[in-house]
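Student: The residues making up each chain are set out below.
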Amino acid sequence: MTEPLLEIDALNVTYHTDQGKLSALRGASLIARAGEVIGIVGESGCGKSTLAASVINLLPQAAEVTSGAVRYKGADILTLPPEAQRALRGQDIAMIFQDPMTAFNPVLTIGAQLIDFQHAAQIPRAEKLARARALLSRVGMPDPDLTLRRYPHQLSGGMRQRVAIAAALLMNPTILVADEPTTALDVTMEAQIIHLLRDLRRDYQGAILVITHHLGVVAELCDRVYVMYAGEVVEEARVDDLFHAPRHPYTRALIACDPGHFEQATPILPTIQGRLPDLRNPPTGCSFAPRCPLAEAICATPPPRVPISLTQSALCHKAGGQP
Amino acid sequence: MTLLSVQNLALDLPLRGGLLSAKRTLQIFADVSFTLNPGETLGLVGESGSGKTTLARALLGLTPTTYGTIHFDQTKRSTKADFAAMRATTAMMFQDAIASLSPRMTIGALLAEPLTIHGHPAPKTKIADMLALVGLPADFATRYPHELSGGQARRVGVARALVLNPKLVIADEPTAGLDVSVQGEILNLMTDLKTRLNLSYLIISHNLAMVRHVSDRIAVMYLGRLVEIGPTRETFARPLHPYSQSLIASEPLPDPRKRRQDLAIKGEIPSLLNRPKACVFQGRCPHVQPICRTDPPTLREISPARFVRCHFAQPTGALT
Numbered sequence: 001m002t003e004p005l006l007e008i009d010a011l012n013v014t015y016h017t018d019q020g021k022l023s024a025l026r027g028a029s030l031i032a033r034a035g036e037v038i039g040i041v042g043e044s045g046c047g048k049s050t051l052a053a054s055v056i057n058l059l060p061q062a063a064e065v066t067s068g069a070v071r072y073k074g075a076d077i078l079t080l081p082p083e084a085q086r087a088l089r090g091q092d093i094a095m096i097f098q099d100p101m102t103a104f105n106p107v108l109t110i111g112a113q114l115i116d117f118q119h120a121a122q123i124p125r126a127e128k129l130a131r132a133r134a135l136l137s138r139v140g141m142p143d144p145d146l147t148l149r150r151y152p153h154q155l156s157g158g159m160r161q162r163v164a165i166a167a168a169l170l171m172n173p174t175i176l177v178a179d180e181p182t183t184a185l186d187v188t189m190e191a192q193i194i195h196l197l198r199d200l201r202r203d204y205q206g207a208i209l210v211i212t213h214h215l216g217v218v219a220e221l222c223d224r225v226y227v228m229y230a231g232e233v234v235e236e237a238r239v240d241d242l243f244h245a246p247r248h249p250y251t252r253a254l255i256a257c258d259p260g261h262f263e264q265a266t267p268i269l270p271t272i273q274g275r276l277p278d279l280r281n282p283p284t285g286c287s288f289a290p291r292c293p294l295a296e297a298i299c300a301t302p303p304p305r306v307p308i309s310l311t312q313s314a315l316c317h318k319a320g321g322q323p
Numbered sequence: 001m002t003l004l005s006v007q008n009l010a011l012d013l014p015l016r017g018g019l020l021s022a023k024r025t026l027q028i029f030a031d032v033s034f035t036l037n038p039g040e041t042l043g044l045v046g047e048s049g050s051g052k053t054t055l056a057r058a059l060l061g062l063t064p065t066t067y068g069t070i071h072f073d074q075t076k077r078s079t080k081a082d083f084a085a086m087r088a089t090t091a092m093m094f095q096d097a098i099a100s101l102s103p104r105m106t107i108g109a110l111l112a113e114p115l116t117i118h119g120h121p122a123p124k125t126k127i128a129d130m131l132a133l134v135g136l137p138a139d140f141a142t143r144y145p146h147e148l149s150g151g152q153a154r155r156v157g158v159a160r161a162l163v164l165n166p167k168l169v170i171a172d173e174p175t176a177g178l179d180v181s182v183q184g185e186i187l188n189l190m191t192d193l194k195t196r197l198n199l200s201y202l203i204i205s206h207n208l209a210m211v212r213h214v215s216d217r218i219a220v221m222y223l224g225r226l227v228e229i230g231p232t233r234e235t236f237a238r239p240l241h242p243y244s245q246s247l248i249a250s251e252p253l254p255d256p257r258k259r260r261q262d263l264a265i266k267g268e269i270p271s272l273l274n275r276p277k278a279c280v281f282q283g284r285c286p287h288v289q290p291i292c293r294t295d296p297p298t299l300r301e302i303s304p305a306r307f308v309r310c311h312f313a314q315p316t317g318a319l320t
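The listed protein sequences derive, respectively, from chains A and B. Going letter by letter, the first sequence gives residues 1 to 323 in the working numbering. Going letter by letter, the second sequence gives residues 1 to 320 in the working numbering.
Just so you know, these hints were derived from the structure itself, not from any lab. Remember, it's a predicted structure, so these values are computed and weren't measured experimentally. C-beta atoms are modelled at their ideal positions from N, C-alpha and C, and glycine is treated no differently. Among the clues, some could well be false.
Covered stretches of chain A (chain B as the covering partner; in silico rule of three or more C-beta atoms under 8 Å from a C-beta of chain B) [unchecked claim]:
id : region
1  : 188-202
2  : 207-220
3  : 252-259
4  : 269-280
Covered stretches of chain B (in silico footprint by chain A; criterion: 3 or more residues with CB under 8 Å from a CB of chain A, positions within the stretch not fixed) [to be verified]:
id : region
5  : 183-194
6  : 239-250
7  : 262-269
Non-contacting residues of chain A with respect to chain B, defined by C-beta distances greater than 10 Å in every case (computed) [what the hints assert, rightly or not]:
id : residue
8  : Gln19
9  : Ser23
10 : Arg26
11 : Leu59
12 : Val65
13 : Lys73
14 : Ala87
15 : Phe97
16 : Phe117
17 : Glu127
18 : Pro144
19 : Leu146
20 : Leu294
21 : Ser313
Okay, chain A solo, but in the shape it has when bound (with noise of 0.2 Å):
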């Protein structure tokens, strides 16, 4: 196997809030190597944006990283000099933004913007002009040298993730966060992006990170999986197996939950019953233990990384067993 790219080891991040602190990520762990679509996948708060955003480094002011470290070739990121960071964002690691539209300037055109990203490049202006055009047609855009010339209220929602993704690849980068990157759009748009982002896949030689709450979109587009529940990976696993063989109690019931699972009409939808446990004081056993249909006294302690297989494991005392 060969040496992740990324590597976030047993991540602690706290929120200061002004009703105390919140524990956004509990022991979070995470590898992606070379050529992988890696899914981050869960419901609201499970933490999901917050691992994103310390990939790169841009979690917000109310943030602290308690524990852990976030390798990226080897070297913590997190403990780099903000130089040093400000060299790998954007350079080689780049993200993509669910909404497109506060992802550009709206007062500079396509093209200027698109010119302004190379700034760390040491190549002439022309050049800069001509990767971007480049990168433009290769994402789908019909018309490139338009497009240069256009400004981001001009192009429709697709058009403008379509730029966000070339935009994201000006430099070349080795890892690619995209942050729930089709949730803003109707779904042939999406369908579109799904395909474009396949179809990248195949000449990109990095990593990329998915990040959404969309079932669909795993299975879509990703090979490997971490399903986040409260602030922790509780399971992770090949999208294969994810689907079929899922063996942490909350991944079966997110995919049970999914309206476009059933081939028939159900009348009844099955649902989730009660609610995420409140993380300015997480419980100390299983967090999904409350609503767990298999919880028994030991889930009050806190749950074992049980490996399934090389490439799988859950968070849970009863993963051991029969799937």
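Fit chain B to the supplied structure of chain A, relying on the hints for placement.
Tutor: For chain B alone, kept in the frame of chain A given last:
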């Protein structure tokens, strides 16, 4: 007996022209005809900008229309007074649940408001009953909208819609922004109340997987036209309009063994300002023929209960 009958409804909005240019109009939707029976759920699906929300507002008289008729409960509705009377027995669940609740009113006051507007008494017991109906504790009456989670705000939206005992509820994206585990709760609640109170629903959504589970029939809208209407099961099993076909084929499935290999649809929905002449789908249709650029297709019944607006649609799903 139909509860709601819409015939050839159209809405054109005036566009402010330049100083010398002629006055133009912008067509939001046109030739919209459908019916809704008592106790039935119709799902209206389509992408952003297809005119779904505007149509919903027009059905309740919240937006004027330029052409066509609306019959509700066997009575034609055209004047402001007609629609005001209609709104006493219909209700709307708005898209953004929290934003549709005034932040300065308590949940109790928000639930009493529709009753007061229509001149009914609003006793505390009625408010408590409504909260119980949607599964919220009675002490929620004294809370404010910002204290609610997304799912709770939706429940308040449901309670507010039902407080006047409506016959018809129009729900605009009832689960948008909710997590899947909560989405099921709201849909199950709506289904349960539908049977208990004999409601009819018009559910507007871009979420096909969701609409499929709650609708009896489905209507597909594209750029201001209904392009296909039919029973949900048959329509999903065998969509007849090329747009419905590509829409259903675009939906990402939660199963990596069923990855979509081919891209079902290219391009994107054109701007209303550049509405194609004749067939609205011609620019993206893989089966386009010369006639699609010259003759607008009409919504025709291709097989029993299945209506399609396409020159070439066949009952088999083929396009020739």
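Student: Taking beta carbons only, do three or more residues of the region 183-194 of chain B come closer than 8 Å to chain A?
Tutor: holds (count 6)
Student: Please verify that the nearest CB of chain B lies beyond 10 Å from Val65 (chain A)'s CB.
Tutor: About 27 Å separates Val65 (chain A) from the closest Cβ of chain B, which puts it past 10 Å; holds.
Student: Counting residues of the region 207-220 of chain A whose CB is closer than 8 Å to a CB in chain B, do you get three or more?
Tutor: holds (count 8)
Student: For the region 252-259 of chain A, do three or more residues have a beta carbon lying closer than 8 Å to a beta carbon of chain B?
Tutor: Since 6 is at least three, the answer is holds.
Student: Checking the smallest CB distance to chain B, is Pro144 (chain A) really beyond 10 Å?
Tutor: Holds: least Cβ distance 16 Å, greater than 10 Å.
Student: Once the closest CB in chain B is found, is it more than 10 Å from Leu146 (chain A)?
Tutor: Non-interface label on Leu146 (chain A) holds, nearest chain B Cβ at 15 Å vs cutoff 10 Å.
Student: Classify the label on Ser313 (chain A) as holds or violated, using whether its beta-carbon is more than 10 Å from each beta-carbon of chain B.
Tutor: 19 Å, holds
Student: Is it the case that Phe117 (chain A) keeps its Cβ farther than 10 Å from each residue Cβ in chain B?
Tutor: Per Cβ check, Phe117 (chain A) is outside 10 Å of chain B; nearest 25 Å; holds.
Student: Just double-check Leu59 (chain A) for me: nearest Cβ-Cβ distance to chain B has to come out over 10 Å.
Tutor: Answer for Leu59 (chain A): holds, closest chain B Cβ roughly 23 Å.
Student: Counting residues of the region 262-269 of chain B whose CB is closer than 8 Å to a CB in chain A, do you get three or more?
Tutor: Holds, because 6 residues of the region 262-269 of chain B bring their Cβ atoms closer than 8 Å to Cβ atoms of chain A.
Student: Run the C-beta distances from Phe97 (chain A) to all of chain B and say if the shortest one exceeds 10 Å.
Tutor: 17 Å, holds
Student: Could you let me know if the closest chain B CB is still more than 10 Å away from the CB of Gln19 (chain A)?
Tutor: 13 Å, holds
Of the hints listed earlier, there is not a single one the structure fails to meet.
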